[in-house]
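Counting from 97, one number per residue, gives the positions in the sequence shown under the numbering used here.
These are computed hints drawn from the structure, not numbers from a lab.
From a predicted model like this one, the values you see are computed outputs, not experimental measurements.
Do not take every clue at face value.
For each label pair, taking beta carbons as the anchor points, the in silico distance ranges come out as [what the hints assert, rightly or not]: (1) V104 <-> S186: 48 to 58 angstroms; (2) R169 <-> K138: 18 to 28 angstroms; (3) A106 <-> L179: 35 to 45 angstroms; (4) T174 <-> W102: 44 to 54 angstroms; (5) R210 <-> K123: 31 to 41 angstroms; (6) M124 <-> G181: 19 to 29 angstroms.
Backbone N, C-alpha and C fix where the C-beta goes; we use that ideal spot for every residue, glycine too.
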Amino acid sequence: MKRWIWCVSAVLLLSLTTGCTYKGMQKMTKAEVDKINMKTFKEGSLRQRMQGTTMNTAMLQTLKAECSKRSIRLTHETYAEGLDGNISYSYFINGDARHFLIVNVFPNEEERIRKMAAVYGTGDGQGINVYSKAGEANVISAKNNTALVYSSSGVKQSKYSKEIKEVFKNVLSNVSNHIAP
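Take these sequences, add in the hints, and give me the full structure.
Quick look at the structure:
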């Protein structure tokens with residue numbers, strides 16, 4: 097009888113432990129999927145608007161509008177949060193993964209300069225038509241704590257380079273110091 101009680105207790109304990117772990121994994125997976133689907137971003141934007149503080153939403157809407165004026169469609173929108181407080185928003189151009197835009201918002205201008213120099217090799221964290229060793233054409237523009245990057249994989253001069261320079265110029269002319277990372 098004691099052996100039977102011990103076995104039932106062990107099975108019960110094991111099933112409870114597995115259940116807790118499984119629920120924890122489900123919750124973590126749901127949070128990650130929400131990030132990928134921009135749900136967390138949308139909820140954060142709504143929360144920020146209700147609290148009355150400025151968010152990156154206006155800049156992203158300007159970017160999309162400027163691209164739309166030039167028949168450039170931004171697709172596959174994703175975002176990522178860095179460990180240092182920066183946020184990156186990524187887009188494919190017209191659904192083509194070889195052409196993509198990245199909007200980087202850093203906690204401050206110094207961090208932007210440091211990180212962009214480390215990634216793209218430009219001394220001041222910005223540059224125009226910077227070519228990497230991997231054969232990618234980059235258009236990089238920056239202001240304050242924001243950096244906009246266009247890359248075209250495998251193409252030295254892409255069909256979007258001139259238009260993207262104009263888009264970046266117009267978007268950054270509206271950027272203020274109040275963009276939140």
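Hints, one by one, checked against the model:
no.: 1; hint: V104 <-> S186: 48 to 58 angstroms; result: holds (52 angstroms)
no.: 2; hint: R169 <-> K138: 18 to 28 angstroms; result: holds (20 angstroms)
no.: 3; hint: A106 <-> L179: 35 to 45 angstroms; result: holds (41 angstroms)
no.: 4; hint: T174 <-> W102: 44 to 54 angstroms; result: holds (51 angstroms)
no.: 5; hint: R210 <-> K123: 31 to 41 angstroms; result: holds (35 angstroms)
no.: 6; hint: M124 <-> G181: 19 to 29 angstroms; result: holds (22 angstroms)
Comparing the model with each earlier hint shows no violations; every hint is respected.
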